[in-house]
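Protein chains in written order, with this note's numbering: chain A, 1172 to 1474; chain B, 1172 to 1474.
Hints may contain errors.
Copies of the same chain are indistinguishable here, so a pair counts whether it falls within one copy or spans any two.
[Claimed, not checked] Lysine to aspartate or glutamate pairs mimicking EDC-like chemistry, simulated, CA-CA at most 20 Å apart:
1. Lys1417 to Glu1228
2. Lys1458 to Glu1434
3. Lys1458 to Glu1424
Please keep in mind that the hints were generated in silico from the structure rather than gathered at the bench.
Protein chains: 2
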Amino acid sequence: MDPKTPEIGFIGLGVMGRSLSGHLVSAGYDLRVTARSREKARGILERGARWVEFPAELASQCDVVFTMVGSPCDVESLYFGAEGLLSGLRPGTLLVDMTTSSPKLAVRISKEAKTRGGGALDAPVSGGDRGAREATLSIMVGGEPSEFERARPLLRLMGKTLVYQGPAGSGQHCKMCNQIAIAGGMMGVCEAMTYARHSGLNPDAVLQSLSTGAAASWTLSNLAPRMLAGDFKPGFAVKHFIKDLKIALESAEEMGLRTPGTELALRLYLQLVQNGSEEEGTQALLKIYSRIAEQGRVDVEKV
Amino acid sequence: MDPKTPEIGFIGLGVMGRSLSGHLVSAGYDLRVTARSREKARGILERGARWVEFPAELASQCDVVFTMVGSPCDVESLYFGAEGLLSGLRPGTLLVDMTTSSPKLAVRISKEAKTRGGGALDAPVSGGDRGAREATLSIMVGGEPSEFERARPLLRLMGKTLVYQGPAGSGQHCKMCNQIAIAGGMMGVCEAMTYARHSGLNPDAVLQSLSTGAAASWTLSNLAPRMLAGDFKPGFAVKHFIKDLKIALESAEEMGLRTPGTELALRLYLQLVQNGSEEEGTQALLKIYSRIAEQGRVDVEKV
């Protein structure tokens, strides 16, 4: 690998991936991409990226391949499937999965990549579509420290806070911590805003008071105003958050942990999906509280 | 009342009240105080405040009286008891309760004060002992707007963010929103830190990643480092937070609301108290998660 002009692959051209692959092209890197359909890749192809038919080809042609897809299931077939990344892996090639996915799966990928003479990092992110656009993401990295150093100049183009978290899977574990912290905080903010409305307060005045004290949070500053404006557009979609919370709880259970706040948040979000909010932003959790209030006293364990 | 030299009373010389009354003396105001024992007031008396025997006397001698005591129960007897503030209230005198207390009680105090020709504000605060010391509190005010304007120059000496929240009780309602938001956020942070430890991550690296993304919060930045250092000193004591959450839930119930995240947080804190943590800081909630983890799977509804 010539450190000055690595060939870079990118798979996953959704909201996040489009921005991130764009940063790589803008920095002058030679980018190869593939996607479920060539149409999805049109934007980046027009900016000079080259189309490749299969993930396996990318892994055989590139020095570093980034992936950012939907779920652990997608990651598994992308890496382990026929024509998948691992089947074509060229010795020395580094695979970097930025999907929020299972820590266990990250460990499996890392082992298999090493067996084939390559390497792998798990490098999920926090900061949303805006963080991706502005390259201000927080990127949490698991894997070999030397591989992290190798990927660092590229990750630097996508994020502002790059933190090495430990061996393979540690990036994903850290992302689970992130989602767990958000889940509790989101309940707190939604319940506070619901209380504010029902008690006849002016929620804007409440936000002003709360955002300068011990209740201050990113969620309060960024999502509470959207809640109050009735703006439930994603940001970060409910269905993705549910996926993440399921991974977190599964992983916690494997460690013999209980995280009752996170469990409650997942129950509330699953209920929210039944009301048709899965494509909305996570701030739509507010709606479940109005529903609970309308019903009067309900058995919350069943919610 | 001469607007340039109002006589000011202060009752409640605990951690918060000591700092706040000190700011008033520092600003040159003539302060009168009373407390359960003269010994408790020694510091402020040495700085020139005058001792008065009963709350009723304060209310008859002063233009504005501030109170900051422990619980709604303390507030009730301080205001409505024999020799209480209301019994001695001089027409024109303004009573300002900065205790975190019940919105309903604030309404009762306001009505009774008006009946007697005086006025009342509820003005609970957020920002903790440090905010009190540095006069950077967020102060949430309920009552008549004109009374708020009258108290503003004095409140300005104690806090940085003064927000008028609405009629009597609205300051307390806003404080309930604040505590509700904190309760959910605290569970999130404790569960995230517990997960971090159990998954073998370096919690300091996790904090670094989380504090720059969507999981960022005052609790994460200020209390998670104390949790990780095993520092459970208050800050804000568990027993006071429990008192606040009970008021919040009672008040929510009266409005026909459900706040299941807050309910769960209260259950966890009550369990924590059984383990002897009531005088510790709210960050001690972390301990309950280690306990749950040690026990393996438990019925969290009973926790």
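**Q.** Violating hint indices (sorted, rising)
**A.** 1
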